[in-house]
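Protein sequences, first through last, are from chains H and L.
According to this note's numbering, the stretch in the first sequence is residues 1 to 394, in order.
According to this note's numbering, the stretch in the second sequence is residues 1 to 237, in order.
Worth flagging that the hints you see were computed from the coordinates, not collected in a lab.
It is possible that part of the hints are untrue.
[Said to hold, decoys possible] Straight-line alpha carbon distances no greater than 30 Å define the calculated DSBU-like cross-link-like pairs of lysine-lysine that follow:
(1) K139(L) / K116(L)
(2) K380(H) / K183(L)
(3) K380(H) / K129(L)
(4) K269(H) / K136(H)
[As the list claims (entries may be wrong)] Pairwise CB distance ranges, derived in the manner of DEER restraints:
(5) S379(H) / Q142(L): 35 to 41 Å
(6) E97(L) / A56(H): 34 to 40 Å
(7) G67(L) / S21(H): 46 to 52 Å
(8) G273(H) / E125(L): 55 to 61 Å
(9) A31(L) / V372(H): 35 to 41 Å
[To be verified] Every beta carbon over 12 Å from chain L, so not counted as near; a handful from chain H, in silico:
(10) P8
(11) I35
(12) T94
(13) G126
(14) E144
(15) P234
(16) G299
(17) R304
(18) L307
(19) G308
(20) P355
(21) L375
(22) P386
(23) R391
Owing to the predicted nature of the structure, the values given are computational and were not obtained by experimental measurement.
Where a beta carbon is used, it is the ideal one built from N, C-alpha and C, also for glycine.
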Amino acid sequence: MIRSRVRPGDLIGIGTIGLRSRPGRTALTAIGIAIGIASMVAVLGISSSSKANLIAEIDSLGTNLLQVQGGQSILGDSSPLPVSSQTMIDRIPTVTSSASVIQLDTKVQRNRFEDEPNGLSVLAVGAGARETLELKIASGMLIEGKASSLPVVVLGSVAAERLGIGNVANGVTVSIAGHDFAVIGILNALPLNPDLDRSVLIGDQAAFELLGVDPNPTTIYLRVRPEKIEATRPLLARTASPMAPNEVQVSRPSDALEARAKVDEGLQKLLLGLGGVALVVGGVGVANVMVISVLERRGEIGLRRALGAKRGHIRSQFVIEAATLAGIGGLLGAGLGSVVTWGYATRQGWLVDIPVTGLAYGVGGALLIGAVAGLYPASKAARLDPAEAVRPHA
Amino acid sequence: MSVLRLEQVCRSYEANPPVKALDGIDLEVEAGEMLAIVGPSGSGKSTLLNVMGTLDRPTSGRVWVDGAETSGLSDAALSGLRAARLGFVFQGFHLMETVGVVDNVATGLLYQAIPKRQRRRRACEALTKVGLGDRLDAKPTQLSGGQRQRVAIARAIVADPALVLADEPTGNLDSATSGDIMKLFADLNQAGATIVVITHDNELADQLPRTVVMRDGQVVADRVKASDMVKVAGGES
């Protein structure tokens, strides 16, 4: 018995003949899928570019900054660190620099008559702050050396904005606990320590001498040799406060930034879901066009059956056609999504990170959706009665 | 040897009252024959062609194609039979407009898993046989109606089938072109092809050696021309 057979390569040719003979319709239908894939690729690409950028930012800031804070006692009172804690920490050989900060229980105002709450804190900083916190000055100078005992102040970037001070040229002053402090500098933003952006910094000697502040540090910042971070971290609480190590909190500011990189994932899932909806709508479009195509091509289906095509051959032809149609859309979408990612990331000044696996999944997913969308019209085509199909149209 | 045999073939359609498109047809076609099946519209000619071509199954009765009894065959097996042993020519040509004539004809070999190069070579040969050897590069849209039907005929004979079934092959053509097409069928028949032509045109049917006349789903006459009878008898002696 002679069997009806088609070479696999020919099946691809048969499956794309309908697309080749109607290029306009093919393009329009593929666009539906392309939009879905493009939006998904762009969502993945933009968020991974943003993440790559954040990680690069973290790396440039250094992940070796640690923060030691006095916590709360069992009774709930806040317990500052012992006066000796910075000296003790400095003795750990892996620590390369440190700076102590005392948070003052007072407010800063533009002048002594004002009493508006502004959410700014006043910090007294000791030596080593510039190096440890990598303070960069936007205008003016930092408090160093003898200035540490003078009534001068350096403003964090947000603090300067809230106090309405744009530059330090005109000898402006602010009022701290009833004393006038001359503004000598304004800091750049500190991505690792946003708390400092909302603070004003005075010298520790000035705090002790003019304001009578208690010398117990609130926070000690320290830099550690990068390869020794994990080894040093457990030593810090005990070193800073041997009497009450449980009340000491040790943290790493870069962790907060890394967490921010992960926070995006919720939004990303939502956007991916929207892209998925677009893709499904595109798939329905493919199914729709295929149903119409089967109706229009009754004659061709009848002819192929007369020439010896089995039902399975007709079914494969239309499934391949639908999958190819969607696959073209997938490729278009992957390209479009990459261009959007590139454009957006470039405009934001980010690193461009196009997700290659995302592209592969996008095109693969489109093929799959096309094949599924083609199943119903293809089986409709395969079930056509050949005698009916070859009959001339009425 | 007979390439086609129908025994008490009936085909009825469900309706109220049921429509009997074919009503007890007995017919035998020998290898090398050329005959016309003629009858008014609605006489069951097309249903008969579909049953002969295994595109449709009879409600009762039996059909043998090229020695194979078809009632026991699966749809896939019938497809294989059509691919290798049957050729079809339709009134509406059924050509793919966007594909060149060689590839249109080569489609006739597609479902036998023959390599493409070989399919195209045999398609060129078939096109030369139907007198289109000089139009191998053309697309169907560049051809006249008669030329298009020649392409369709080339597609029907490219697989060298045991039987060619033509359904109103001249229905869309003017009389001069129709004559050319019938001449082509006669030439192919002379070269050994077995051809059944379905037509409603008595004049055209009378040109053929054998005429089967249908009315209301039944064969009412089966005439063989005297000259051909002599020829057939002479050939057999």
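Q) So is L307(H) really clear of chain L, every C-beta pair being over 12 Å apart? A) Nearest chain L Cβ is 6 Å from L307(H), so the label is violated.
Q: Determine whether the non-interface label on R304(H) survives the test: each CB of chain L must be over 12 Å from its CB.
A: violated (8 Å)
(Q) Please check whether the beta-carbon of L375(H) is more than 12 Å away from every beta-carbon in chain L. (A) Its Cβ never comes within 12 Å of chain L, the nearest being 19 Å, so this holds.
Q: Mind checking the alpha carbons of K380(H) and K129(L) for me, to see if they're no more than 30 Å apart?
A: Not OK: K380(H) and K129(L) at ~38 Å, beyond 30 Å, violated.
**Q.** S21(H) and G67(L) - C-beta distance against the hinted 46 to 52 Å
**A.** violated (39 Å)
**Q.** Consistency of the no-contact label for R391(H), given chain L and a CB cut of 12 Å
**A.** Given that some Cβ of chain L is not farther than 12 Å from that of R391(H), nearest at about 7 Å, it is violated.
Q) Is the Cβ of I35(H) farther than 12 Å from every Cβ of chain L? A) holds (28 Å)
Q) Does the no-contact call for G308(H) survive, Cβ to all of chain L over 12 Å? A) violated (2 Å)
Q.
A cut-off of 12 Å on Cβ-Cβ distance, and P8(H) was said to be off the interface with chain L. Does that hold?
A. violated (10 Å)
**Q.** Interface exclusion of P234(H) relative to chain L, criterion Cβ beyond 12 Å
**A.** holds (72 Å)
Q.
Using Cβ atoms and 12 Å as the threshold, tell me whether P386(H) really stays out of contact range of chain L.
A. Non-interface label on P386(H) violated, nearest chain L Cβ at 4 Å vs cutoff 12 Å.
Q.
If I claimed the Cβ atoms of A31(L) and V372(H) lie 35 to 41 Å apart, would that claim hold in this structure?
A. With Cβ atoms ~48 Å apart, the hint is violated.
The structure fails to meet hints 2, 3, 4, 6, 7, 9, 10, 16, 17, 18, 19, 22, 23 from the earlier list, while all remaining hints are met.
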